[in-house]
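Chemist: As a plain string of letters, each chain reads:
Protein chains: 2
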Amino acid sequence: MNFSKLTRYVPALEWGRKYNTDALSNDLIAAVIVTIMLVPQSLAYALLAGLPPEAGIYASIVPIIFYAIFGTSRALAVGPVAVVSLMTAAAVGQVAEAGTMGYAMAALTLALLSGVMLLLMGVFRLGFVANFLSHPVIAGFITASGILIAASQLGHILGVKTSGHTLPEMIESLVVGLTTMNWITAIIGIAATAFLFWVRKGLKPLLLSKGVPPRLADVLTKAGPVAAVVVTTLAVWLFGLENHGVKIVGDVPQSLPPLTMPDLSPSLVGQLFVPALLITVIGFVESISVAQTLAAKKRQRIDPDQELIGLGAANIGAAFTGGYPVTGGFARSVVNFDAGAETPAAGAFTAIGLAIAAVALTPLVYFLPKATLAATIIVAVLSLVDLSILKRSWGYSRPDFIAVAATILLTLLLGVETGVSAGVGLSVVLYLFKTSRPHIAEVGLVPNTQHFRNIKRHTVETHPSLLTIRIDESLYFANARFLEDYVYNRVQKDCELKNVVFMFSAVNEVDLSALESLEAINSRLKDMNIMLHLSEVKGPVMDRLKRSHLLHDLSGEVFLSQFDAMDKLTPKKATAAE
Amino acid sequence: MNFSKLTRYVPALEWGRKYNTDALSNDLIAAVIVTIMLVPQSLAYALLAGLPPEAGIYASIVPIIFYAIFGTSRALAVGPVAVVSLMTAAAVGQVAEAGTMGYAMAALTLALLSGVMLLLMGVFRLGFVANFLSHPVIAGFITASGILIAASQLGHILGVKTSGHTLPEMIESLVVGLTTMNWITAIIGIAATAFLFWVRKGLKPLLLSKGVPPRLADVLTKAGPVAAVVVTTLAVWLFGLENHGVKIVGDVPQSLPPLTMPDLSPSLVGQLFVPALLITVIGFVESISVAQTLAAKKRQRIDPDQELIGLGAANIGAAFTGGYPVTGGFARSVVNFDAGAETPAAGAFTAIGLAIAAVALTPLVYFLPKATLAATIIVAVLSLVDLSILKRSWGYSRPDFIAVAATILLTLLLGVETGVSAGVGLSVVLYLFKTSRPHIAEVGLVPNTQHFRNIKRHTVETHPSLLTIRIDESLYFANARFLEDYVYNRVQKDCELKNVVFMFSAVNEVDLSALESLEAINSRLKDMNIMLHLSEVKGPVMDRLKRSHLLHDLSGEVFLSQFDAMDKLTPKKATAAE
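Quick note, the sequences are listed as chains A and B, same order.
Take the first sequence: its letters are residues 102 to 679, numbered as in my numbering.
Take the second sequence: its letters are residues 102 to 679, numbered as in my numbering.
Hints listed in this document are in silico derivations from the structure and should not be mistaken for laboratory results.
If a hint is listed, it holds; no wrong ones were tucked in.
Copies of one chain are not kept apart here, so a pair can be met inside one copy or by any two copies together.
Mimicking SDA-like on lysine to any residue, the simulated pairs with C-alpha atoms at most 20 Å apart in a straight line are: (1) Lys594 - Arg625; (2) Lys599 - Glu585; (3) Lys535 - Phe233; (4) Lys535 - Phe502; (5) Lys557 - Lys647; (6) Lys669 - Thr550; (7) Lys669 - Val547.
Take the sequences, apply the hints, and build the full model.
Modeler: Dropping the structure here:
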């Protein structure tokens with residue numbers, strides 16, 4: 102393997118050669134900012150995934166380094182993210198009890214499966230399958246996930262034990278548990294949530310109005326979660342609130358990521374296969390859209406297939422170092438980008454920062470209340486909730502609306518896996534349904550041009566002996582019979598008709614079923630003394646038709662343009678464009 | 102409900118009013134011929150389905166009458182057919198042991214489920230779903246079923262007990278059982294098969310060369326199976342072969358169809374649901390293609406939704422009268438048609454003929470060897486086997502070939518249900534795959550016309566500042582990103598470019614995902630000082646775009662025709678067509 106081929110698979114070799122001190126200092130600054138942001142976030146997302154807090158930290162160290170070596174995005178920050186943490190909880194919750202050894206093990210297996218799937222998709226260049234997740238379905242899914250995540254954290258906020266993976270289950274367990282609510286936890290949780298909301302909405306304008314420089318105001322605003330963590334931790338420690346029922350993070354091992362071995366028993370792999378596939382696709386789609394958005398701003402290019410390899414390596418790294426499924430996160434990537442990260446080395450420095458935190462800072466979070474972490478999650482995910490997609494899709498296209506509404510409803514009512522699967526399935530079914538009943542227009546010549554348009558929408562010239570039908574869809578098995586029915590019905594009532602032209606300008610494929618239908622139409626029309634012609638057949642379609650008997654058996658001709666067809670088939674008519 | 106609405110659902114009221122003695126005599130003659138053909142065939146297909154012989158007779162009586170009342174085809178003969186009998190054996194064999202009471206009961210349930218599904222599809226006008234079964238997949242499935250059916254009958258021919266629903270299973274059980282072969286059965290079976298093949302291929306030319314009138318030669322050829330039945334039955338009776346291990350039909354109750362009640366226990370219904378759906382779709386497709394072929398010959402029309410109701414009624418009839426799933430059969434319908442049947446009344450008369458046979462003739466088939474029935478099945482189904490579809494699809498289109506080959510292979514190796522499901526699934530996936538990577542052509546003006554064609558295939562006029570891209574596919578979620586990538590790659594290398602036109606002549610839909618991609622392309626090109634224009638946008642697509650922001654934000658214009666676009670965007674160029 103020569104060097105240029107190697108750099109295709111290991112982009113780090115490319116940017117590493119050009120690395121200099123300027124880039125180094127920019128990357129270092131970005132790394133410090135991201136590290137400060139990641140420590141509480143990692144702990145919180147681990148809580149959301151039902152894992153011990155250190156899993157979140159571990160999932161942020163080795164995966165970042167592996168992505169830095171194999172990924173193509175300069176700014177993407179890989180690690181635990183909210184939606185994937187929720188999906189992990191849903192998947193692993195089906196095979197093991199939260200808090201057990203088996204649960205953490207299954208999370209490792211999930212990360213490995215997802216990593217291998219990503220890697221294989223990258224190697225076989227299958228990144229395009231993610232396209233089947235339509236924008237509206239993703240938007241609906243992310244919104245519904247945000248609501249589910251926020252709901253799942255309400256228990257931690259109020260000091261109530263809750264359970265369930267769907268909105269009704271969560272609400273029911275919350276209502277049932279309200280009698281056991283812990284008042285001190287609720288005060289901490291609600292206060293932390295209110296504080297973080299205020300930091301997000303009100304602090305920056307206030308600081309600016311007090312004359313604080315914008316850059317500093319920005320940093321102070323971002324340090325909000327850290328402040329909440331520090332204050333509530335101190336409060337618990339000073340007043341011994343952990344003895345009054347306030348749940349705290351507790352002991353977190355003071356260690357670098359351990360070497361772990363995922364459980365690869367066939368039954369577990371079988372149970373986690375489909376969830377892993379969904380996490381893979383959702384994680385990839387989320388990551389690639391963040392990466393492309395940021396790359397576009399600097400006119401850089403992202404290679405989706407190489408991104409798959411980078412994310413695959415990151416997840417495999419997570420599986421063997423005590424983590425759980427990871428992907429590129431939106432919030433942290435934007436912070437990384439804004440902080441001036443120039444190369445993936447910024448990610449590697451972040452990993453070092455987190456490794457230091459894992460070894461040195463973990464004793465400090467012993468008294469950190471879980472309610473504070475829940476508050477940071479709620480405030481973070483509510484920015485994901487955007488119901489405007491419902492309105493936009495309703496106004497633009499009903500099938501899109503149906504897919505979005507079904508995704509949101511089913512995600513909330515039946516859980517993340519059913520929701521996203523139903524959204525994808527429904528999008529495909531609605532598309533197929535639409536193509537199975539294509540729009541077919543009768544067209545005529547627009548005066549003084551050589552252009553043909555729908556007789557119902559435009560004032561056009563036609564001739565009674567000539568029927569021109571423009572078929573607005575590729576012809577394939579699902580609509581072949583529809584075309585036959587349309588033509589027979591249309592032709593039956595028309596005695597003057599001598600020539601039918603199928604204008605193929607919008608026909609991008611003719612499969613074998615449709616070919617048989619065309620042959621049937623041709624011979625049926627021939628029996629009625631009507632000639633069948635084709636016009637504006639595209640190159641790829643014509644290539645294929647030449648391999649069949651249709652062109653030989655065709656009663657009429659194939660015309661390069663519809664204008665030629667009309668010109669030849671209605672000779673007495675003088676058209677203005679000549 | 103007024104009369105015309107009633108005749109929509111009960112076509113018998115329509116043709117019944119115009120019925121006369123001419124039609125009566127034609128129908129009676131056809132009924133006699135079909136009855137003679139149906140008696141051995143009904144017994145044989147019941148054997149194939151694993152049911153007692155009388156089930157085949159019963160399934161030919163009430164269903165025919167119900168179809169005559171509700172169906173629209175004048176010639177379709179409804180009853181047990183080979184492929185559906187095989188599918189029944191596969192479905193019912195999964196839930197009960199052949200020969201047991203539960204087996205026959207499950208067959209009734211299957212008929213009822215399929216009948217209700219057909220009826221519902223008819224009422225809700227869902228006949229179009231059958232279109233998703235492409236012609237090549239059906240052809241492949243019928244061919245593979247023919248091979249499976251023939252293989253399943255080899256045991257009866259050789260007097261060996263065989264089992265299994267896939268080709269390897271059948272072959273294995275046949276090879277294992279060969280040691281127990283019954284020589285007398287084998288002689289009868291092989292002789293009957295050879296005789297029937299000769300009747301089919303050699304008898305008619307022979308009779309014609311001996312000066313027999315063609316019409317008589319035809320009838321004598323059709324009577325071949327009856328002759329085989331009579332001769333072998335006599336042989337068993339005269340020589341007492343049933344005592345030497347020759348399996349015979351045995352006691353068949355001498356009775357009209359009994360009133361039966363299908364087992365509707367939820368677990369059974371659950372297990373049979375998917376098989377019933379497959380039988381419904383396959384049965385409907387087989388029936389409708391026969392009906393349409395025959396109707397076209399007499400310029401009659403078939404209403405697919407009413408056909409569903411007719412077939413549904415027939416199957417529900419079968420379920421309550423000791424039958425099993427039925428559909429319109431090809432061979433018997435053609436015989437009915439050729440014999441001059443004018444109205445569905447011919448079917449009703451056939452039912453009377455079979456009812457007489459059920460009461461009067463059943464004792465006569467006591468000594469009929471099962472090997473003879475197996476021989477009639479083998480000779481009948483081998484006409485279904487047509488591997489030429491493989492060659493045709495290979496020559497015409499690779500995706501069609503893949504779907505056919507997979508259908509044939511999987512049907513043979515894994516059984517009918519897996520085979521046909523895989524065929525349908527694969528067709529859809531291959532279609533989606535194709536549309537997800539659309540053909541995109543750069544086009545230019547064909548000299549002396551106003552017509553635009555691919556610059557790679559035609560000699561055309563272009564202008565360096567203008568790039569015209571014709572997108573040969575509807576834009577939807579699966580290919581939205583593909584278009585973005587294509588455009589960015591193409592535009593990047595081109596400094597002279599000032600205008601990009603998307604020629605939308607082949608774009609039949611723009612969904613919300615694609616709309617977002619178009620907005621992204623528009624703003625990205627705007628940043629590069631390139632204007633984006635659209636041309637030849639169709640009515641339905643334009644209607645939808647008007648409901649979005651795209652047209653407002655578009656840096657360029659929307660042109661009625663591509664010629665207008667080129668004319669306006671390259672003003673200095675004098676084109677010949679003006």
